[in-house]
Amino acid sequence: MDDPKTAGRWVSAWSTSPIDASLSESGVLDRLGVAVTDVSARTAVQLTAGGTHIRLTLSNIFGVLPLHVAACTIAIGADDARGIDPATLRTVTFGGQTHVRIGAGESCTSDAAALPVAAGQTLAVTVFYRGINAMRTIGLIGGCSHAELGNCTRRTLLHMAVPMQHTADSGAYEVIPALTEIDVLAAAGTH
Numbered sequence: 019m020d021d022p023k024t025a026g027r028w029v030s031a032w033s034t035s036p037i038d039a040s041l042s043e044s045g046v047l048d049r050l051g052v053a054v055t056d057v058s059a060r061t062a063v064q065l066t067a068g069g070t071h072i073r074l075t076l077s078n079i080f081g082v083l084p085l086h087v088a089a090c091t092i093a094i095g096a097d098d099a100r101g102i103d104p105a106t107l108r109t110v111t112f113g114g115q116t117h118v119r120i121g122a123g124e125s126c127t128s129d130a131a132a133l134p135v136a137a138g139q140t141l142a143v144t145v146f147y148r149g150i151n152a153m154r155t156i157g158l159i160g161g162c163s164h165a166e167l168g169n170c171t172r173r174t175l176l177h178m179a180v181p182m183q184h185t186a187d188s189g190a191y192e193v194i195p196a197l198t199e200i201d202v203l204a205a206a207g208t209h
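For the working numbering, count along the sequence shown from 1 and bump the result up by 18.
Just so you know, the hints here were simulated from the structure itself, not pulled from any lab data.
C-beta: ideal position from N, C-alpha, C; glycine also.
Each hint should be verified, as a subset may be incorrect.
Said to hold, decoys possible - What follows is a set of in silico ranges between Cβ atoms, one per label pair, in the way DEER data are often shown:
1. S125 to G149: 32 to 42 Å
2. P134 to D38: 29 to 39 Å
3. T55 to F80: 13 to 23 Å
4. T55 to T111: 30 to 40 Å
5. T174 to T55: 21 to 31 Å
6. T111 to T185: 27 to 37 Å
7. A105 to V82: 33 to 43 Å
8. L83 to A206: 20 to 30 Å
9. D187 to F80: 32 to 42 Å
10. R148 to S125: 38 to 48 Å
11. G168 to V29: 32 to 42 Å
12. V82 to A206: 24 to 34 Å
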């Protein structure tokens, strides 16, 4: 396999601007109806560029405590924002590990994961957060997220998922927890 660092050019295929807000304050985690410490969030986004590999940026830039990512997967989305195509499921690693601790005020970019995607395809990113009771770094535009208790990173469909939404005076917004950017390794010469 070609080395992802030299086989093409990394381009942004999706991003959102992080804001400082608590999911607990906006009521998203409260809708699960139980005390939450271990939760998975699946975010479905439409990619604007295609490539052979994917890397993710997760942010805890507004966090006051470390954010513990215990597992993360990507897959082509299927059905609705809760489902994935299991044949495309890939484990995402961070520095070769399947887990990462993102310190307060920090961001983290994953290793390259091999998954061919095309512009316009839906990518589902599922992250299992361990020991969470609030998340301060979120995005509000550009994707559709659902939360479910426990490690759901390998589930084809989230059956008990709660939509992650925030309602404000200006309207209702989809909440995108921690995920701030998706890059794809595009063919050399892609702009």
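Here is what the structure says about each hint:
1. S125 to G149: 32 to 42 Å: The hint (32 to 42 Å, Cβ to Cβ) is violated, given that S125 and G149 are roughly 19 Å apart.
2. P134 to D38: 29 to 39 Å: Because 35 Å falls inside the window, the suggested range holds.
3. T55 to F80: 13 to 23 Å: 20 Å, holds
4. T55 to T111: 30 to 40 Å: Roughly 24 Å apart at Cβ, these two residues miss the hinted range, so it is violated.
5. T174 to T55: 21 to 31 Å: 24 Å, holds
6. T111 to T185: 27 to 37 Å: 36 Å, holds
7. A105 to V82: 33 to 43 Å: 40 Å, holds
8. L83 to A206: 20 to 30 Å: Given range 20 to 30 Å: violated, Cβ gap about 41 Å.
9. D187 to F80: 32 to 42 Å: For F80 against D187, whose Cβ atoms are near 21 Å apart, the range 32 to 42 Å is violated.
10. R148 to S125: 38 to 48 Å: With Cβ atoms ~19 Å apart, the hint is violated.
11. G168 to V29: 32 to 42 Å: Holds, at about 34 Å.
12. V82 to A206: 24 to 34 Å: Violated - the Cβ-Cβ distance for V82 and A206, about 42 Å, lies outside 24 to 34 Å.
When held up to the earlier numbered hints, the structure conflicts with 1, 4, 8, 9, 10, 12 and fits the remainder.
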